[in-house]
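> Chains as they are written, first to last, in the working numbering: chain A, 1 to 347; chain B, 1 to 347; chain C, 1 to 347; chain D, 1 to 347.
Note that these hints are calculated values from the structure, not bench results.
Cβ atoms here follow ideal geometry from the backbone N, Cα and C, with glycine treated the same way.
One or more hints might be untrue.
No more than 30 Å apart at the CA atoms, straight line, and that leaves these computed lysine-lysine pairs for BS3-like [claimed, not checked]:
1. A:Lys220 to A:Lys273
2. C:Lys220 to B:Lys220
3. D:Lys220 to A:Lys220
4. D:Lys273 to D:Lys220
5. B:Lys192 to B:Lys220
6. B:Lys273 to B:Lys345
Label pairs and their calculated CB-CB ranges [said to hold, decoys possible]:
7. B:Trp310 to A:Arg162: 48 to 56 Å
8. B:Glu37 to C:Gln38: 39 to 47 Å
9. B:Ser332 to A:Thr34: 44 to 52 Å
10. A:Gln38 to B:Trp310: 27 to 35 Å
11. B:Ala20 to A:Phe164: 26 to 34 Å
12. A:Ala119 to D:Arg127: 42 to 50 Å
Take a look, some chain A residues computed to stay more than 10 Å from chain D by CB distance [to be verified]:
13. Leu46
14. Asp89
15. Phe164
16. Ala335
Below are the chains, spelled out letter by letter.
Protein chains: 4
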Amino acid sequence: MFFASDNSGPVAPQVLEALARANDGYAPGYGSDTLSEQVVERLRALFEAPEAAVYLVPTGTAANVLSLACLCPPYATVFCSPVAHIQEDECNAPEFYTGGAKLTLVGDGDRMRPEALRAAIANEETRGVHGPLRGPVSITQVAERGNVYSLDALRALTDVAREFGLPVHLDGARFSNAAVKLGVTPAEMSWKIGVDICVFGGTKNGLMGVEAVLIFDPAKAAEFELRRKRGALLFSKHRYLAAQMAAYLDGDLWHDLASRANARGDQLVQGLKGMGVAVRTEAHANVVFFEMPRRVHRAVQEAGAVYHLWDDLEGPGDSPALARLVCDWSLSPKAVSDFLDLVGKAL
Amino acid sequence: MFFASDNSGPVAPQVLEALARANDGYAPGYGSDTLSEQVVERLRALFEAPEAAVYLVPTGTAANVLSLACLCPPYATVFCSPVAHIQEDECNAPEFYTGGAKLTLVGDGDRMRPEALRAAIANEETRGVHGPLRGPVSITQVAERGNVYSLDALRALTDVAREFGLPVHLDGARFSNAAVKLGVTPAEMSWKIGVDICVFGGTKNGLMGVEAVLIFDPAKAAEFELRRKRGALLFSKHRYLAAQMAAYLDGDLWHDLASRANARGDQLVQGLKGMGVAVRTEAHANVVFFEMPRRVHRAVQEAGAVYHLWDDLEGPGDSPALARLVCDWSLSPKAVSDFLDLVGKAL
Amino acid sequence: MFFASDNSGPVAPQVLEALARANDGYAPGYGSDTLSEQVVERLRALFEAPEAAVYLVPTGTAANVLSLACLCPPYATVFCSPVAHIQEDECNAPEFYTGGAKLTLVGDGDRMRPEALRAAIANEETRGVHGPLRGPVSITQVAERGNVYSLDALRALTDVAREFGLPVHLDGARFSNAAVKLGVTPAEMSWKIGVDICVFGGTKNGLMGVEAVLIFDPAKAAEFELRRKRGALLFSKHRYLAAQMAAYLDGDLWHDLASRANARGDQLVQGLKGMGVAVRTEAHANVVFFEMPRRVHRAVQEAGAVYHLWDDLEGPGDSPALARLVCDWSLSPKAVSDFLDLVGKAL
Amino acid sequence: MFFASDNSGPVAPQVLEALARANDGYAPGYGSDTLSEQVVERLRALFEAPEAAVYLVPTGTAANVLSLACLCPPYATVFCSPVAHIQEDECNAPEFYTGGAKLTLVGDGDRMRPEALRAAIANEETRGVHGPLRGPVSITQVAERGNVYSLDALRALTDVAREFGLPVHLDGARFSNAAVKLGVTPAEMSWKIGVDICVFGGTKNGLMGVEAVLIFDPAKAAEFELRRKRGALLFSKHRYLAAQMAAYLDGDLWHDLASRANARGDQLVQGLKGMGVAVRTEAHANVVFFEMPRRVHRAVQEAGAVYHLWDDLEGPGDSPALARLVCDWSLSPKAVSDFLDLVGKAL
């Protein structure tokens with residue numbers, strides 16, 4: 001009953017096998033090996049973007065902040081949700097990598113709304129050189145409170161960005177879970193709706209530590225490479241990043257692993273709703289926020305379930321507790337049903 | 001006959017096995033798993049430094065620049081060799097991570113000399129606020145042209161740093177090769193001779209991508225952790241970094257792999273000297289620079305040997321070519337003897 | 001009828017006279033001249049802080065961001081009002097000078113409230129290394145919408161900072177106007193209520209371009225000096241900054257000029273209230289926000305009054321317009337009464 | 001007998017008069033006043049560059065580092081002399097403002113030579129993403145050891161920059177002194193020989209603290225303005241910068257003041273050479289380096305002459321002392337002849 005994070009589960013066995021296969025003799029470093037070059041081509045094919053610049057980096061934060069650094073000069077501001085990973089969970093890495101840009105927070109939920117985004121953008125670049133320039137719009141799909149934007153909702157945001165001539169970054173740490181949920185292709189959820197730089201996450205979906213960044217305007221490629229190197233993020237033994245990504249692409253493993261995780265999310269939501277529990281994630285994939293009486297939380301945790309409470313770690317008495325449960329690819333249906341049983345008993 | 005770099009060879013099989021063993025069920029992220037905690041303790045034991053703060057990072061550049069950022073404020077300067085990796089091969093990452101510090105280049109070889117270091121330090125912090133403060137001394141062991149500092153030579157440098165109250169960073173990307181060469185313990189080559197932050201490299205010696213940083217003054221620990229995170233260098237699935245390092249420590253694999261690589265370096269140097277070739281590395285471990293007539297170089301490369309020429313990629317006619325050969329742990333004695341045969345024939 | 005800004009008026013004649021007096025023969029540069037040294041002592045005396053480190057800088061932004069850079073490491077966050085000058089009007093200079101720190105916005109008005117500040121601080125440093133550390137609290141006195149904090153209100157904020165062990169920066173671009181309004185001494189409005197670094201503004205109150213920074217903990221002095229130099233903000237001909245500040249201190253010119261400006265603010269507020277106009281600044285000094293029908297605004301501007309509308313530059317029809325009027329030291333009572341007459345006629 | 005620096009003398013009286021004239025009533029801030037706009041046009045006319053973007057900043061360091069920040073991305077390197085002001089006297093401000101670029105030092109004198117520059121440039125951008133990109137060439141005219149480049153010498157350097165497609169920055173803190181020395185126009189010493197951004201210094205030549213930056217490619221204008229603001233270097237009361245520059249342009253005051261300073265330099269050099277003193281500045285304007293026996297130095301200083309020794313502040317016995325004497329516009333012929341008399345007696 002481990003629901004703490006989708007980066008706490010094991011790596012898919014196919015990934016370890018791919019690492020072993022890649023471990024054969026010598027290979028040039030820094031991405032110029034055959035495997036790395038093949039992976040670039042395969043990612044271009046998957047995204048139907050033959051001209052895209054494609055890079056592998058080891059962490060989601062790296063993928064986000066290198067992307068933003070290429071889109072946002074230091075005297076501009078990034079538009080994002082107040083609970084975006086780049087705002088809450090990257091310890092000022094966006095400010096660091098952009099050389100001191102600002103983040104302008106839009107609205108108060110995990111999904112930005114087009115009206116709020118438009119208002120936030122309109123409110124910047126109104127004070128001459130006294131305020132920052134308008135910079136990129138950063139969207140997280142799956143969003144931080146577990147919600148999946150519909151394609152229409154995404155397009156509504158990218159349309160606003162386009163009104164103002166601003167580029168769009170998609171933080172796709174859970175890109176696969178969202179694509180599976182929506183039943184769309186990677187291209188449909190990225191450049192076809194106006195995304196300029198897309199992060200195709202692997203680490204939260206069964207890889208050891210690899211994210212792909214797809215830059216649909218290849219003019220940014222050289223800058224990304226230089227920023228990756230000076231960020232200390234270029235791997236010399238790059239083939240082992242490539243091997244993970246190759247395994248991820250083989251037989252659409254990315255899709256298969258995300259489907260499994262999402263199925264556990266569905267199982268969890270249906271079970272909770274069936275018991276009348278207030279599920280707070282409206283359009284879930286594999287991350288579910290819900291409220292339960294605090295005594296239920298205590299009983300369930302004592303019985304061994306692992307997950308995080310949100311916002312109010314030390315709430316009083318029996319006030320409602322907001323819990324976040326994350327289902328990873330390796331989670332068993334039994335783990336979910338065991339958890340649901342515990343909740344049911346405690347209610 | 002692959003001598004291009006010690007980061008181009010395969011990973012030691014024990015490392016892959018350790019990754020597979022670590023791939024079992026759930027583990028907390030970001031270094032709070034059992035395996036990660038054990039590795040910290042084991043590194044403290046290896047370095048006889050029970051109080052040291054110990055961190056794993058994925059690249060040698062990351063290890064260097066995070067260390068320097070903790071030792072050097074943005075209005076100071078780092079003292080290093082003009083061919084140091086931090087100067088030549090990190091695309092301004094030290095300047096980036098320190099927030100804009102400077103590098104002051106000492107002397108003209110790969111090994112700094114104490115007199116030159118003293119002169120360089122004395123020449124800074126002489127202009128009030130107009131010039132930078134004196135910052136850390138950064139030493140590379142094995143140095144960039146393949147030379148290993150003796151313990152006395154290292155201590156002579158750290159003594160100069162101490163005269164001025166400056167901290168010392170040791171870039172130990174090839175720390176193991178140097179320790180094997182000198183027949184000393186990790187403690188003897190680090191804090192016992194005045195090193196404040198030591199990089200214990202793994203990537204060039206059989207790991208997939210892990211370096212340990214040992215900070216002997218634990219007061220710097222919190223800053224290092226925050227800088228690692230905002231550098232996008234903190235791995236969520238940290239157990240897979242730890243597993244590699246655990247394998248490296250098991251049965252002193254680090255020592256065994258470095259011994260193998262150094263033995264090939266010895267074989268190479270002895271063979272070259274036996275043929276009257278001018279070996280330019282005076283105190284080698286596994287990296288050897290030597291000069292050969294350019295026609296020899298051409299013949300040897302055509303026959304399939306892989307390595308880099310240095311400085312003069314396109315030299316004229318039959319001028320001497322300076323070659324760098326790097327022996328990794330997996331290099332076979334036969335590969336070296338084949339290479340020597342080729343040189344012998346071509347001479 | 002010029003109310004656009006208190007940095008648009010002329011320099012007090014005493015300042016020009018002081019510049020002329022200072023322009024006599026040679027003087028050492030960079031603040032080591034006699035006049036500069038005297039001014040430091042006189043500012044220490046005025047603030048009853050004989051140990052304080054004291055520096056002159058040419059702009060208010062410089063005073064703020066150098067102060068914040070000394071108080072906030074790059075992996076921390078500054079707490080401030082969402083309309084603070086450092087957030088809205090410095091084009092990311094705080095992010096630049098701190099090396100990439102964040103600004104956390106507190107509440108929704110120009111004056112922060114202690115409960116909102118406590119909540120904002122409590123909400124940071126809760127996510128380990130994933131979020132930034134808690135950094136300094138930055139308070140603006142006079143606040144951006146023209147309100148003057150009472151001493152009690154200031155102390156309530158600094159008390160919250162102290163609860164968490166955080167330092168306090170006071171943006172005192174209009175420090176003199178506030179001190180006059182409250183009838184308190186500089187010491188009473190700074191270190192005696194828990195301010196760690198105080199900006200004593202001159203530029204908006206009759207100087208040509210000088211702000212003093214008082215650092216009550218002199219341990220920060222060296223860092224401030226180095227950061228000022230590398231910010232390109234150290235004047236070689238420093239005596240001309242010192243001369244301005246000397247004139248400002250002579251006969252308490254700072255107090256006299258601020259009293260004049262505040263008197264015009266009083267005149268304006270009383271006149272507007274007498275006509276039933278909705279004054280939005282509750283505790284004004286020399287800056288007054290008020291609402292008027294848009295047709296009144298148009299009539300008044302056409303008649304030659306100069307000031308800025310706020311937030312809604314292009315409001316529709318006859319919706320209320322929010323106007324900011326700033327009274328500088330040189331403003332005549334007649335200019336104010338002329339303005340009031342215009343409003344009265346147009347209403 | 002004050003020869004310590006040309007920023008230690010008084011401001012030209014015309015400058016104070018201009019400040020007084022400008023101090024009349026209200027004026028819009030931040031450079032949008034009439035006087036500021038006129039000065040821009042007049043500087044364009046002086047430089048025969050009607051399209052140039054022109055900005056005023058308060059310090060020479062500001063002028064240099066804002067220029068470099070517009071020309072050099074953070075992953076590139078600036079080429080300059082090892083004794084350039086940007087390397088030795090700006091406390092890492094270039095590294096700060098560029099976001100962490102590097103400075104590559106060319107040759108070992110104050111004037112760079114084209115061959116050394118070509119070699120230095122050729123040596124960068126040879127290591128893929130591992131080393132920095134080639135960035136701008138920065139030339140100082142008058143150079144730091146007092147030498148004036150001839151137009152041919154400047155053009156030889158800008159030609160090398162052009163070979164590699166690199167932009168050129170001219171640090172003209174003593175631009176006027178050089179132009180007077182060479183008898184050339186500002187245009188002839190800037191864009192006509194390939195300078196892209198030129199600093200036209202005022203502070204060392206009789207102004208209180210103003211430098212003009214001329215950007216001959218106006219596409220860089222917006223970036224410069226934003227960087228100036230976020231560097232805390234934009235003056236609200238900009239008319240007082242403009243008034244200084246206006247006085248500087250009236251009747252070619254810049255030329256007149258520089259002529260006076262240069263005449264004192266000539267007087268000094270001729271006097272020294274007449275006594276057989278070893279003058280080390282080959283092509284002087286108003287800065288002269290020369291060697292004298294240390295006992296002479298001691299005697300002259302005791303008699304009241306003020307200047308700096310270079311490099312060896314505390315030399316032994318009667319070893320030669322290298323002195324730097326700087327003549328400012330206000331220096332009297334008698335002060336120079338008094339100094340020469342002292343040297344003559346002491347020899």
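> Which of the listed hints are not met by the structure?
Numbers 1, 4, 8, 9 and 11, in rising order.
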